[in-house]
Structures are given as C-alpha cells and as structure tokens.
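> Residue-level listing of the chains:
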Amino acid sequence: RKEVEQDPGPFNVPEGATVAFNCTYSNSASQSFFWYRQDCRKEPKLLMSVYSSGNEDGRFTAQLNRASQYISLLIRDSKLSDSATYLCVVNTGTGGFKTIFGAGTRLFVKA
Amino acid sequence: SQTIHQWPATLVQPVGSPLSLECTVEGTSNPNLYWYRQAAGRGLQLLFYSVGIGQISSEVPQNLSASRPQDRQFILSSKKLLLSDSGFYLCAWSQRGGTNYGYTFGSGTRLTVV
Numbered sequence: 079r080k081e082v083e084q085d086p087g088p089f090n091v092p093e094g095a096t097v098a099f100n101c102t103y104s105n106s107a108s109q110s111f112f113w114y115r116q117d118c119r120k121e122p123k124l125l126m127s128v129y130s131s132g133n134e135d136g137r138f139t140a141q142l143n144r145a146s147q148y149i150s151l152l153i154r155d156s157k158l159s160d161s162a163t164y165l166c167v168v169n170t171g172t173g174g175f176k177t178i179f180g181a182g183t184r185l186f187v188k189a
Numbered sequence: 393s394q395t396i397h398q399w400p401a402t403l404v405q406p407v408g409s410p411l412s413l414e415c416t417v418e419g420t421s422n423p424n425l426y427w428y429r430q431a432a433g434r435g436l437q438l439l440f441y442s443v444g445i446g447q448i449s450s451e452v453p454q455n456l457s458a459s460r461p462q463d464r465q466f467i468l469s470s471k472k473l474l475l476s477d478s479g480f481y482l483c484a485w486s487q488r489g490g491t492n493y494g495y496t497f498g499s500g501t502r503l504t505v506v
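Order-wise, the sequence lines are chains A and B.
Each residue of the first sequence is one higher than the one before, counting from 79 in this note's numbering.
Each residue of the second sequence is one higher than the one before, counting from 393 in this note's numbering.
Isolated chain B (complex conformation) (with noise of 0.2 Å):
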C-alpha cells in the first residue's frame, strides 16, 4: 500500500533562518506531488506542485521554493524565513492522470517562526 511520510512534526524556526521540510511517497511510482499550507483557522493554500523529477510549479509568490530530486520525493525550503511563513504544511499525492483520484496528505509540519 502507498504510503507518505512527512517530517519534522513539529519545528520552532527563528526569522531569517533557513528552512528545510521533506517529504516522501513510498508504494507508487510517478505521483503528483503537491506542498499546501493551513494557516491558523484557514483553508489550505496551495503552494507547489510537481508532475515529476525537475518539474515544479508555484501558485502563490513567496519567500518559499520547492524541488524535487527523486520521483518520490519533494522539499520545501526557505532562505530566509518570515514571521509570515508560519502554519501548518502539508504534503499530498495523488494519482498521475485523470481526475477522480483523491489526495493523500502526510502527517504535516507545524511551524511556528519566531
């Protein structure tokens, strides 16, 4: 079965540092794989999302950026971290390939910048 591991669970960032959040899909090969954030009591914000090895895509301009070196798995970083950036992430997989495949999310990382 397919399954997604996403880590730290739990990090406590000063500004200005940098950031790290990684993500891995094991059981599937060639996922979409997706990185959304959920601010305190908000909806999630997509952030990227990738098709495949290289190939990302950003919805929302930011101090945020996104690769993915290997078909399973993605990072978040940052250089430079805003109070702003704090929130919950969350990494997700879907099916490649039509529209009627759910996403499945990791466990999410709570940052909180400070």
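Isolated chain A (complex conformation) (with noise of 0.2 Å):
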C-alpha cells in the first residue's frame, strides 16, 4: 500500500460544478496534511494546509479524518483557472524530514 494514495484522475467538469478530491494516508503517526497545486511544467504551489478542524479559504475547503486517516479537497464554483494537478501532501516526522507527497490528481475544467 502507498504512503499516501489519491484518486488516479483525470477529472473533467464543466465551470462551476463543485469537485472534490480523495487522499488516504497509511501513517497513523503522520502530524501535519497539505494540499498543493502544481500547474504543467511548474513547481508545486502552497494551496492549502488541512486542520483537524477542517478549513476554509474562499471555494476551497479541506477536511481532515484523522480516524479514517482520509484528507479531502472540495472546489466548489469552478473555474477555468482551477485546471491543474492536485497533491496530497503528508507529513510524517519533524523538520519536514518525512513529507511524502501523493502522485496527485489532475483537475480539467471546461467551458
């Protein structure tokens, strides 16, 4: 089983449908979650950190299921501009010595 799995993808959704993305971690010791977004032939960009609690930050929302060790990302309204590929970010140890990243799921959206 990989350490961190996510939905193999692509998704093709139209401009303002709401999409969600699935990430499991095998880790129950694993500390601190991210997603990031990674647009083609570029460097991952810092989207999102996953809180416990759950958050937010305008159409984007993620949740953390630490009993189900399971991350999740919702886009809702989306955009052109949300086309990329979607990582799940985990991190096992400190000093960010043991962050494994999932292969990611790419995210087209059409007009």
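Treat the hints as calculated values from the structure; they're not laboratory data.
It is possible that part of the hints are untrue.
Stated by the list, open to error - Going by beta-carbon spacing under 7 Å, a handful of chain B positions derived as facing chain A:
no.: 1; residue: 436
no.: 2; residue: 439
no.: 3; residue: 497
no.: 4; residue: 499
Each residue gets a CB set at the ideal place from its N, CA and C atoms; glycine is no exception.
Hey, can you piece these two chains together into the complex? The hints should help.
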C-alpha cells in the first residue's frame, strides 16, 4: 500500500461544478497535512494546510479525518483557472524530513 | 519575504557529462533544504535533504550528490549523467523545527539527458 494515495483522475468538469479530491495515508503517526497545486510544467505551490477542525479558503475547503486517515479537498464553483494537478501531502516527522507527496490528481475545468 | 532561486531553468546535457544545479534561499536563516525529482507524469521523489551547512542526507542511492556549502545554498551534482537522470528537478525549503510548515519550491530545472 502506498503511503499516500490519491484518486488517479483525471477529473473533467464543467465550469461552475463542485469537485472533490480524496486522499488516504497509511501512517497513523502523520502530523501535518497539506494540499498543493501544480500547474503544467511548473513547481508545486502550497494551496492550503489541512487542520483537524477543517478549514476553508474562499471556494476551497479542506477536511481531515484522522480516524479514517483520510483527507479531502472540495472546490466549489470551479473556474477554468482551477485546471491543474492537486497534490496531497502528508508529513510524518519533524522538520519536514518525512514529507510524502501523493502522485496527484489532474483536474480539467472546461467552459 | 522569503524567496528561493533555482537555475538554470532548462538544461540539455549529453550522457556522461557532469551536472551542477544551484539553489539559493533569501530572507530566512537555517532553513531545511531539499532536492526533489519529478519524472514525466510521475510524483515527486525526494533525493536529498539538509538541516545545515555540510549536513546532507540521501533518500535514494544514485549517481547524484548534494552539497550545502553555505546556509542558504544547496547544490545538486553529478559526475556522469545517465539517460535516467532526465526529469524536473526541484529545490525546496521549509522552516526549521515543527511539522506544520509547508514547503516552498523553486521554479525548477528541466533536465534532458541525450
């Protein structure tokens, strides 16, 4: 089993749709969680951290379920500019040494 | 504010040639530094990380090496490139201590070994 697993994708959605990305992790000792966005041929950029209480940033909502070892990202009212690959990232150690990146899920938002 | 610089952006090198990629961070002290590689259509693979000057840890055995001659400088090297070294190389930094800090990546170097 992979340490961090994401939906394989790609997701093809129309503008305005709501899309959800799922991610599971295998190490119950994992301590911090993030979602990154990576545009084609660019570096990954931090989209948002994921907190146990859940957190929201505009159209984006991230949730963490420690019991199920599951992380989600919800994008509401999708825009064309949301097209990218979304990476689930899990940190299992201190200092960032045990940061595991998921393989990513590609999103295509179409007009 | 903190910035991370990585160069060159694109590189085409023949098999057997040497490699040197450089990364520098500004606006912070004692960062943790990382080198990642991303093969085409694949996930990120951690190659090296460093917690301080001269302190390098390798995650994957290979013909690459890394050095940290200064606090905010991280260099990735190879004496002889292989075809399989082609990929997108990314330098990143994170704050020292704690686990709640994300990474900031440089803009990457796209290496093609021919």
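> Now tell me, hint by hint, if it's right for this structure.
Now for the hints, and whether the structure bears them out:
no.	hint	verdict
1	436	holds, 4 Å
2	439	violated, 13 Å
3	497	holds, 4 Å
4	499	holds, 6 Å
When the structure is compared with the earlier hints, a violation turns up for hint 2 alone.
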